[in-house]
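*Asks:* If you want the building blocks of each chain, they are given just below.
Protein chains: 2
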Amino acid sequence: ELRDALLASFGDRCLAGFKVVVSAGPTYEDIDPVRFIGNRSSGQMGFAVAAAAVAAGAEVTLVAGPVSLATPAGLHRRVDVRSAAQMHAAVLEAATHADVYIGAAAVGDYRPQEVSAQKLKKRDGGELVLHLDENPDILASLSAQTAHPFLVGFAAETHDVATYAQGKLRHKGLDMIAANQVGGGLGFEAADNALTLYWADGSVELPRVAKTELARQLIARVAERYRATRA
Amino acid sequence: ELRDALLASFGDRCLAGFKVVVSAGPTYEDIDPVRFIGNRSSGQMGFAVAAAAVAAGAEVTLVAGPVSLATPAGLHRRVDVRSAAQMHAAVLEAATHADVYIGAAAVGDYRPQEVSAQKLKKRDGGELVLHLDENPDILASLSAQTAHPFLVGFAAETHDVATYAQGKLRHKGLDMIAANQVGGGLGFEAADNALTLYWADGSVELPRVAKTELARQLIARVAERYRATRA
Numbered sequence: 305e306l307r308d309a310l311l312a313s314f315g316d317r318c319l320a321g322f323k324v325v326v327s328a329g330p331t332y333e334d335i336d337p338v339r340f341i342g343n344r345s346s347g348q349m350g351f352a353v354a355a356a357a358v359a360a361g362a363e364v365t366l367v368a369g370p371v372s373l374a375t376p377a378g379l380h381r382r383v384d385v386r387s388a389a390q391m392h393a394a395v396l397e398a399a400t401h402a403d404v405y406i407g408a409a410a411v412g413d414y415r416p417q418e419v420s421a422q423k424l425k426k427r428d429g430g431e432l433v434l435h436l437d438e439n440p441d442i443l444a445s446l447s448a449q450t451a452h453p454f455l456v457g458f459a460a461e462t463h464d465v466a467t468y469a470q471g472k473l474r475h476k477g478l479d480m481i482a483a484n485q486v487g488g489g490l491g492f493e494a495a496d497n498a499l500t501l502y503w504a505d506g507s508v509e510l511p512r513v514a515k516t517e518l519a520r521q522l523i524a525r526v527a528e529r530y531r532a533t534r535a
Numbered sequence: 305e306l307r308d309a310l311l312a313s314f315g316d317r318c319l320a321g322f323k324v325v326v327s328a329g330p331t332y333e334d335i336d337p338v339r340f341i342g343n344r345s346s347g348q349m350g351f352a353v354a355a356a357a358v359a360a361g362a363e364v365t366l367v368a369g370p371v372s373l374a375t376p377a378g379l380h381r382r383v384d385v386r387s388a389a390q391m392h393a394a395v396l397e398a399a400t401h402a403d404v405y406i407g408a409a410a411v412g413d414y415r416p417q418e419v420s421a422q423k424l425k426k427r428d429g430g431e432l433v434l435h436l437d438e439n440p441d442i443l444a445s446l447s448a449q450t451a452h453p454f455l456v457g458f459a460a461e462t463h464d465v466a467t468y469a470q471g472k473l474r475h476k477g478l479d480m481i482a483a484n485q486v487g488g489g490l491g492f493e494a495a496d497n498a499l500t501l502y503w504a505d506g507s508v509e510l511p512r513v514a515k516t517e518l519a520r521q522l523i524a525r526v527a528e529r530y531r532a533t534r535a
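Chain order of the listed sequences is A and B. Using this note's numbering, you'd call the opening residue of the first sequence number 305 and step up by one each time. Using this note's numbering, you'd call the opening residue of the second sequence number 305 and step up by one each time.
Same shape as in the complex, but just chain A:
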């Protein structure tokens, strides 16, 4: 098969012929027309991963939350979304027939149970109680499909990074997880980052480096693990 032949010449074009879907950025969950619950993801890491996948020869669809980043050159398609539910729908539509899905977005875990159509008025002196429901889990939804793409998740944690990442790998049935510590100048708002990649029977540390180079290394590892388990 063409793909196997291409994989055999594993190198700079290590994802040539692959359909890859990448999600990036935060999601915003509206409380009312003005207020929302967001998170600190800048989208830089996900956009760098999408660009690295393009450079590796893949046909790349990028599903982006609300970010202010330029579309990487050579992208097959960019889909802009706002909420976790919108991202869930867009990724499932794009990734069901893809070879690889890399979930680099920081998808909001919770959304308000009710979204007010009008701006909520301040009630003097009172507290406000927001009831939130869990959002659908994109990786778990893909993992539950009989034939699903090679699944790569991200785990951005402030503590016990390895424990949470390895738990998430098993729990969600992922092929690989990229774990990083947030805070201390690393992670969401920094131009560089460090990752530890875990898979079922191995791991590798990718030391601190610019996100563009880190993305290139991640893509090379994804191609390598894909070849080891799927080809």
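Treat the hints as calculated values from the structure; they're not laboratory data. Do not take every clue at face value.
All copies of an identical chain are treated as equivalent in the list; a pair is satisfied when it fits inside any one copy or across any two copies.
List of simulated lysine-lysine pairs, PhoX-like, C-alpha gap at most 25 angstroms [unchecked claim]:
no., residue 1, residue 2
1, K426, K472
2, K476, K323
3, K426, K476
4, K472, K425
5, K476, K425
6, K472, K423
7, K476, K423
Note that this is a predicted model, so its numbers are computed, not measured.
Since the structure of chain A is already known, use the hints to place chain B on it.
*Replies:* For chain B alone, kept in the frame of chain A given last:
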């Protein structure tokens, strides 16, 4: 007095010799190191107001929430803040001895009662309940001071704009309020906007126009009302 002479030559330099403080942008209230409650303000209107005040000859301090906007040329000082509490402190420090305070920021009304030092973990299948406390009101704090600057508030509303704006003018003891309807392509995310200005015994409509021109018109009206009531 110098200021009266300058005001008498009311025109392009209508705020020459004035100390003006402008707040702009949203505030973000952290839930944990990753998640926050934000709002849709882009900061464009506030930055345009600060630039218009500089053009009118004022010494301008701009207190900005988290935005990605370039600092207007000729600004006296820019103070960057994240939360409503930080904005409250920065504005009170800067505005106490100012002549005019224009509150164009969309300050978050509520903040989480507790900010988690660690990223909150998702609890499977459960709902999450967030308890929020009211933030201190910047305009009300300034208005309560014996000698306070000329106070201009903004009211961005989705409905009953005039009613809410005039109520806020009286309730907070403001000198002027700039009211606008959000939604329908106007307001937070648009490059142009329309405002209705209210003061104790009058009002004026400023029809839809680019935010930079709207800001110039607002500054001219502020100078006019200042002259009518304070000079």
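*Asks:* The structure should be examined with respect to each hint, and the outcome stated for every one.
*Replies:* For each hint, the structure was consulted:
no., hint, verdict
1, K426 / K472, "between (39 angstroms within a copy, 12 angstroms between copies)"
2, K476 / K323, "within (22 angstroms within a copy, 58 angstroms between copies)"
3, K426 / K476, "between (40 angstroms within a copy, 14 angstroms between copies)"
4, K472 / K425, "between (39 angstroms within a copy, 12 angstroms between copies)"
5, K476 / K425, "between (40 angstroms within a copy, 15 angstroms between copies)"
6, K472 / K423, "between (37 angstroms within a copy, 15 angstroms between copies)"
7, K476 / K423, "between (37 angstroms within a copy, 19 angstroms between copies)"
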